[in-house]
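Q: For reference, the chains in residue letters:
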Amino acid sequence: MLPAGIFYVVFFAIPMLCLLGLSFWRAKGFELIPDFTLENYHKIFTSPLYRALMLRTIGVAFATALIVVPIAFAIAYIMRFVFERRGQLILQIILLSLFSGYLVRIYAWRTILGKQGLLNSTLQWLGIIEEPLEFLIYSNIAVVITLSGLLLPLAVLPLYSAMLNVSRDYIEAARDLGAGKLHTLRTVLVPMVIPGLRTAFAFAFLLSAGDFVTPALVGGSQSMLIGNIIADQFRGIGSNWPLGAGMAFVVVAVMLLAYLSVMRLIRWATRW
Amino acid sequence: MTTAVEIIGVRKLFGATTALERVDFEVGAGEFVSLLGASGCGKSTLLRIIAGFESPSEGRVRIHGEDVTRLPPERRPTNLVFQRGALFPHMTVRENVGYGLKVKGWARTRIDARVEEMLALVRLEGFGDREPGQLSGGQAQRVALARALASEPQVLLLDEPLSALDLKLRQQMQLELRAIQKRLGATFVFVTHDQTEALVMSDRIAIMNNGRIVQHGTPREIYRRPNSVFVSNFIGATNLLRGTVDTRNGQASLQTGSGSYVIPATEMHLESGQRMVLSIRPEAVRLQGEGARVNGLVTEIIYQGNNVRVGTRLDPDTIFWAEGRDDEFDGIAVGDTVALGWAEDAATILEDDGT
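First to last, the protein sequences are chains A and B. Per this note's numbering, the very first residue in the first sequence carries number 227; after that it's consecutive. Per this note's numbering, the very first residue in the second sequence carries number -2; after that it's consecutive.
Because the hints were derived from the structure by calculation, they are not lab data. Take every hint as true, because none was put in to throw you off.
Some chain A residues close to chain B (C-beta under 8 Å, calculated; not the full set):
1. ASP395
2. ALA399
3. ARG401
4. ASP402
5. ALA405
Yeah, the Cβ is synthetic: ideal placement off N, Cα and C, and Gly gets one too.
Using the sequences and the hints given, assemble the complete structure.
A: Right, here's the structure in full:
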């Protein structure tokens, strides 16, 4: 535990504290002036742009998590309870897909969702649509779909590993005692994999909330997320590190709140 | 007695392997029946087919006359006690026992009363608020039993529920389980690989081998009159004398390497030259006993406390065991030659199936 504690302090706690301290400083041009001012936070909470981006980010992150977690759950379930031993093989394939890299995968989604992309041309070829669907690329929908595709493999891993610890006996015991398939899922399997569900949701929700590359590459003019504006505070002309640090901390607080509310909700929905 | 479970021509194939070969079997209402066999004999598969977790490749299953072959487990009037309990770890003992009742939509107060009743039945009053992780192995299996019995299944299925317990506890639980079954008048189908367990608990035992029921009957019938070399070997220890039948002189006898033995009266048709096996239980063998006699050289004396087992060599290939109370073998030492005998009708003649 101690080495982990040291690691945590050095590589997480100290940088975060530095950032927190920074959020009370001031910036003048490219100069950082130590201070203790709430000016940055005041700016954040009174800016309509910042609020709009925050709401959009929460929406996109929720939408992504709502798509990713159920699909990941189904994939993990099939790997664990249908394929059984051969589920390990699928695990290798999923791990392999992560090797292809983050940017490559975003570009891959661009070729799928683009105006002349795989999806549009297939749908046209099948005669389902006549004109390409414009909203598939450079839109919020494109951001959600791409983020879902990126994060799905990550969300499968904790769910699969949690399900490996659930003996088939428990599922059978519930069925044997009169519970149907859905009831068994709700009252036995889901409560038994809550730690995995929590991690999967955290991956999908928090990573998409913090992403700023995907909106830049597949999003439209109205797809900017909070990550983009924070990133802007740390680079180039008009950067403002103290303001960026403050924004980052507000995001952390809001995401933590959203995350905890969802955990509450899951616990409530599977209560027995 | 009405029939609780009917297994009609059930076969089960897993891919190319046959787990069950046409099994026909019945369990009477209120009966305690054990399915006994070594691992891989098909006993658990048969139990899972009755529970509804496997569907037979051929054949039908009826419970109290109703065909349940195509019903999923949740719609069958059976409950299963799992080998490792399978208590839901995220629920308390009370929630575990009440699970089936809650699923059935019972009212809260009725569930609570029933749960208390069930916990009293398995002598775990006051354990309702414990977590499964806080229970000993024996307590966990008792809770599993209470959970399975709570909704009064027409047939209770038990899949080696005692096999993970140590010997003393297992013996105690065997008696308890039997007492509970008698008190409720319930039908129990119990799977085990432990022959003593089956003998102690059952009204009837079905012995399985290679996907077949090879013999069924009361424990006494099976122990005293095994119908095959396999069964006589599987249930208890036995001495097997292999040889050829000789029916001249009007009295059938078996000619073996170590001598000629009288074959007791049998319904089997015996002809001279047939290869047969005579099975004699060690405890039926007496020193200087009446009846058939054979001389053996004592090679081993095993002291078991209440009993002593003495191994004697009849001929280079045959070790013959006698078992009896300690004082019966007083003064015998390895290297002595002893005369062994048994009552003629204590022996069973069997076909030589090569096992």
